[in-house]
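Please model the entire structure based on the sequences and the hints provided.
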Amino acid sequence: MKTLFTSYNLSGLQLTNRIVMAPMTRSRAADTVPNDQTALYYAQRAGAGLIVTEGSQVSRQGVGYLFTPGIHTDEQAAGWKNVTHAVHEQGGKIFSQLWHVGRISHTSLHENGVSPVGATSKTADNTTAFAYDENGNPGPVQASPPRPLLTDEVKSVIQDFATSAAKAFGAGFDGVEIHGANGYLIEQFINAGINDRDDQYGGGTIEGRLRLALEVVDAVVAQVGRERVGLRISPFNRIFDMPAFEGEQETWIALAHELSKRNLAYVHISNRDALIANDDGKDFLTQFRKTYDGTLILGKRPPKAVLNRIAPSGE
Numbered sequence: 000m001k002t003l004f005t006s007y008n009l010s011g012l013q014l015t016n017r018i019v020m021a022p023m024t025r026s027r028a029a030d031t032v033p034n035d036q037t038a039l040y041y042a043q044r045a046g047a048g049l050i051v052t053e054g055s056q057v058s059r060q061g062v063g064y065l066f067t068p069g070i071h072t073d074e075q076a077a078g079w080k081n082v083t084h085a086v087h088e089q090g091g092k093i094f095s096q097l098w099h100v101g102r103i104s105h106t107s108l109h110e111n112g113v114s115p116v117g118a119t120s121k122t123a124d125n126t127t128a129f130a131y132d133e134n135g136n137p138g139p140v141q142a143s144p145p146r147p148l149l150t151d152e153v154k155s156v157i158q159d160f161a162t163s164a165a166k167a168f169g170a171g172f173d174g175v176e177i178h179g180a181n182g183y184l185i186e187q188f189i190n191a192g193i194n195d196r197d198d199q200y201g202g203g204t205i206e207g208r209l210r211l212a213l214e215v216v217d218a219v220v221a222q223v224g225r226e227r228v229g230l231r232i233s234p235f236n237r238i239f240d241m242p243a244f245e246g247e248q249e250t251w252i253a254l255a256h257e258l259s260k261r262n263l264a265y266v267h268i269s270n271r272d273a274l275i276a277n278d279d280g281k282d283f284l285t286q287f288r289k290t291y292d293g294t295l296i297l298g299k300r301p302p303k304a305v306l307n308r309i310a311p312s313g314e
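Counted the way numbering that gives the first Met the number 0 counts, the sequence shown spans residues 0 to 314.
Since the hints were derived computationally from the structure, they do not count as laboratory data. It is possible that part of the hints are untrue.
[Stated by the list, open to error] Simulated crosslink set (PhoX-like; lysine-lysine; CA at most 25 Å straight-line):
id	residue 1	residue 2
1	K260	K154
2	K121	K80
3	K260	K289
4	K1	K289
[To be verified] So the derived label-pair ranges between C-beta atoms look like this:
id	residue 1	residue 2	range
5	G112	A77	22 to 30 Å
6	M23	K1	20 to 28 Å
7	D132	L12	38 to 46 Å
Built from N, CA and C at the ideal position, the CB exists for glycine as well.
Take a look at the structure:
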């Protein structure tokens, strides 16, 4: 436990401790632009070794919740610059989380009421977006049927992540975290039960299903440097209608292998409860750690027995 309060060198970025404030959706940016209250909120939490912001959409297409901030316009970047300044004034470090929700969205959130996009045309059943209902009131509404992205559109999404990463650095962020977890766009491509595509991003092979995640990582790294890029994933996730699929552990271990080669700032594994509860996932962290040798951030503190298996030295 004492190790948590010791400093840590994150790819050349010195953190005062090893406690990370994980991203939490707040829906407090009425016009998608961070404001003075946003700056105050994060500055008050600058005692964490690292703050990862709430998810910030990389394009208008990527939005799935009302009142969430973006990081794809100059106005949004200017708002975030006030936030990073406030955090740095308190001695903190802060990463921007780059987010595209994919199919977890609603037509009322999009220009001209167009459909959300995703890996598939399958609707996320029993899943809500935070949007406007039929009476124009904000609240939880069933996610709309999505439209599968065309192959050329996938390339545009990858560029959106890279462009937003550049804007984040212009706004003073210390790094960026790519949101590849929790049933959103990147995980929709990874999950074989969702991805029914027949192009190079298709669900027929592990390589195809991992392609979007890795191409986003590579594009963002090319923009801002590997030492300032993290990736969040949620293996064995079941929220937002994400099913179990054959070869699930093999898929995530293959991703771990690829990420090790890229030597990112970190990998952030969320949804620890799903791993502990799932029979296939109980030993997953141990296997992942054997494959991925970089910095690992774990959402929620795992039980001591799990920590001892993946970090017996306390590191």
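The hints, checked one at a time:
1. Proposed proximity of K260 and K154 is supported: the alpha carbons are some 22 Å apart, at most 25 Å.
2. At roughly 38 Å between alpha-carbon atoms, K121 and K80 are farther apart than 25 Å, so this suggested pair is violated.
3. Restraint check for K260 and K289: satisfied, since their Cα atoms lie roughly 13 Å apart, inside the 25 Å limit.
4. Only pairs whose Cα atoms come within 25 Å are accepted, and K1 paired with K289 is accepted, the gap being roughly 24 Å.
5. For the pair G112 and A77, the supplied restraint of 22 to 30 Å holds, since their beta-carbon distance comes to about 29 Å.
6. For the pair M23 and K1, the supplied restraint of 20 to 28 Å holds, since their beta-carbon distance comes to about 26 Å.
7. Taking 38 to 46 Å as the suggested C-beta distance range, the pair D132 and L12 conforms, at roughly 43 Å.
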